[in-house]
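Novice: If you want the building blocks of each chain, they are given just below.
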Amino acid sequence: MTSYSYTEYAMTLAPELSGATPGIYPVVIVGAGPIGLSAAIDLALHGVPSVVLDENNVVSVGSRAICWAKRSLEIFDRLGVAQRMLDKGVIWKVGRVYHRDREIHAFDLLPEEGHRFPAFVNLQQYYVEQYLIERCWEFPDLIDLRFLNQVTAVLPKPGAVTVRVDTPDGDYTCSAHYVLACDGARSTVRSLLGLGMLGETFEDRFLIADIEMTADFPSERRFWFEPSFHPGQSALLHKQPENIYRIDLQLGANADPERETMPEAVVPRIEKVVQGRPFALDWVSVYSFQCRRLERFLHGRVLFVGDSAHVVSPFGARGGNGGIHDVDNLCWKLAAVLQGSAGPALLESYNDERIHGADENILQSARTTRFMSPHAGAERLFRDETLALARDLPFARGLMNPGRLSTPCSLAGFPLQTPAETAVPARMAPGQPCLDAPVTGADGRPGWLLAHLGGTFRLLAVNQPAPSLPGLPVVTVGAGSDGAGSALGDPAAWVEQRYGDGLFLIRPDQHVAAHWPAHGPPASPAIVAAAWRRALGFMASKAAALVETWEYV
Amino acid sequence: MTAQCTEPAAEQALVTDDRLGSEADTVYAALVAAHEGLSAHDGQRLNVRLVLLLANHIGSAAVIHEALVLARTGLEGEQRR
Chain A
1 MTSYSYTEYA
11 MTLAPELSGA
21 TPGIYPVVIV
31 GAGPIGLSAA
41 IDLALHGVPS
51 VVLDENNVVS
61 VGSRAICWAK
71 RSLEIFDRLG
81 VAQRMLDKGV
91 IWKVGRVYHR
101 DREIHAFDLL
111 PEEGHRFPAF
121 VNLQQYYVEQ
131 YLIERCWEFP
141 DLIDLRFLNQ
151 VTAVLPKPGA
161 VTVRVDTPDG
171 DYTCSAHYVL
181 ACDGARSTVR
191 SLLGLGMLGE
201 TFEDRFLIAD
211 IEMTADFPSE
221 RRFWFEPSFH
231 PGQSALLHKQ
241 PENIYRIDLQ
251 LGANADPERE
261 TMPEAVVPRI
271 EKVVQGRPFA
281 LDWVSVYSFQ
291 CRRLERFLHG
301 RVLFVGDSAH
311 VVSPFGARGG
321 NGGIHDVDNL
331 CWKLAAVLQG
341 SAGPALLESY
351 NDERIHGADE
361 NILQSARTTR
371 FMSPHAGAER
381 LFRDETLALA
391 RDLPFARGLM
401 NPGRLSTPCS
411 LAGFPLQTPA
421 ETAVPARMAP
431 GQPCLDAPVT
441 GADGRPGWLL
451 AHLGGTFRLL
461 AVNQPAPSLP
471 GLPVVTVGAG
481 SDGAGSALGD
491 PAAWVEQRYG
501 DGLFLIRPDQ
511 HVAAHWPAHG
521 PPASPAIVAA
531 AWRRALGFMA
541 SKAAALVETW
551 EYV
Chain B
1 MTAQCTEPAA
11 EQALVTDDRL
21 GSEADTVYAA
31 LVAAHEGLSA
41 HDGQRLNVRL
51 VLLLANHIGS
61 AAVIHEALVL
71 ARTGLEGEQR
81 R
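Protein chains in written order, with the numbering used here: chain A, 1 to 553; chain B, 1 to 81.
Please note: incorrect hints may appear among the correct ones.
[Said to hold, decoys possible] Ranges of calculated distance between the beta carbons of each label pair, as one might list FRET restraints:
hint, chain 1, residue 1, chain 2, residue 2, range
1, A, 114, B, 76, 49 to 55 Å
2, A, 267, B, 68, 45 to 51 Å
3, A, 423, B, 31, 43 to 49 Å
[As the list claims (entries may be wrong)] Which chain A residues face chain B? A few, computed with CB under 7 Å, are given here:
hint, residue
4, 107
5, 217
6, 387
7, 392
Don't read these hints as lab results, they were simulated from the structure. Note that beta-carbon positions come from the ideal geometry of N, C-alpha and C, so glycine has one too.
With the hints as extra help, turn the sequences into a complete structure.
Specialist: So this is what it looks like as structure tokens:
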């Protein structure tokens, strides 16, 4: 059992069980894991109330997702928990790759300065969930957390979804305009709706163990191909807070999962990894991996978010992080729909944009898994010879695939974004997530650019004046302010360097919706307004028309 | 400041005209000679290393893809899933 001390969260009697008839809830969230809790907070920040149902009453048993990537931390910062994660977690940015026992490659995931958040923070999922639950409590009027509430039926109906819930105090039904299925890889909602996943299943089994151990191992990700302590297989080591280490050991296709989780099988394997250091087992699991997703993430008024929609192998930290990207993409859109400001294509864009993200994560993590467990024959030969060449030749280190770690995907080419008419820097092209940069506030205090973006649409003006549109807040950086002294300073010119001079329409999830560089034609208020309308989903779209029909017929 | 723009990749295509000229016989002999004394398995390993080295030297996914299509022609084998 883990050293983390679990709090059993109190169950409150659902109003439905004390005779109340609350009417139709705007949103019911199934699952109080990192994804469901983040969605509740993000919706609350938009003023949307939600009911969160979870069959359990404790945070994650076992540390499970531990690697939180920079972009997720930026999203968690918008949600209000990133500082606690930063304070508690293990910060790292260097990955080392070993073949046999020799280091053959090292990579730096954030080689440049001028970012608030590091490449990665390692923090056990139970801490992340605890921080999110405590953050939820700061919205007592908007977030109704219901522990020990198990969903037993989901019945989509025109205009609402009815959910049947089982609790220790009895059963009840409630209705919601939208149900978010955030109930993980073994999603109950998904099986209740009879939805299957498409994709690839891998035969190899992996032992995942968390151990408690005093060691001076560096705060780095270390990956071995064929180490002498685990011959012929691969191994991964991650450091977590409180002297907890995560060890992933490839076991091959023939391993017996029941036998391999027994201490008499696990302990000798770990002893070889830690080379005689005393340790205690904290959590052990044996997995085989899948890279699969639902064909659609939107099923009428039931929306799939996180692992319920897509699962990946863990090499690349694309599961938990991918789910947080889903939340970031969805919640502002759902809020706009519920508040009546969305165009008909907005919700459907969640489906398109996040399937694109999921496919990227699935592709990357499937390629890594294949590289680790090549099929016999030519694939094995290519893998082994790549490793052999990588010992001496730099080019082969790029071909070697020990995990391509989570980065946000670009949403370029999707309908909400207005394509740039003039060439713009690739890093800031429409669809890209905004890059952070140090700025100084109007009062001269140091801060970060991303803290000034997101939540709502913003017009970002870098070294140039911005047109004024009612309801669209302007963030001005550098020269060209309105003279009211409200511009952010760019002391080390990081904003100028990363964004270039120009005007940017920034979505509530901090992705660039439109970019008008200073060297291109000026953006009139009408041009900006058109891009804004487009980003809110007001455009002719066949897909949107289909959804309308589906929902209201 | 001027914005950096990503240059479109130069048009590249697989060259199937003769580029070895008078060195053709020498190169052919060297390819064969490199396998001398190797078991069939080690010969395969050599070929794989050579492919990886040359693929990197070519440095273009499009050209490599074109070469792969050409190389596989006539070797359809079993229907792949």
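Novice: Now, for every hint given, state plainly whether the structure supports it.
Specialist: We went through each hint and held it up to the structure:
1. Here the CB-CB span from residue 114 of chain A to residue 76 of chain B is close to 53 Å, well matched to the stated 49 to 55 Å.
2. With their beta carbons about 47 Å apart, residue 267 of chain A and residue 68 of chain B fall inside the hinted range of 45 to 51 Å.
3. Under the hint 43 to 49 Å, the C-beta atoms of residue 423 of chain A and residue 31 of chain B, about 44 Å apart, fit the expected range.
4. Among the interface hints, the one on residue 107 of chain A is violated; its C-beta lies about 18 Å from the nearest C-beta in chain B, farther than the 7 Å criterion.
5. For residue 217 of chain A, the interface hint is violated, the least distance from its beta-carbon to any beta-carbon of chain B being 33 Å, above 7 Å.
6. Interface restraint check: residue 387 of chain A against chain B, minimum CB-CB distance 11 Å, threshold 7 Å, status violated.
7. Annotation: residue 392 of chain A was flagged as interfacial toward chain B, and the flag is violated, the nearest CB pair being 11 Å apart, outside 7 Å.
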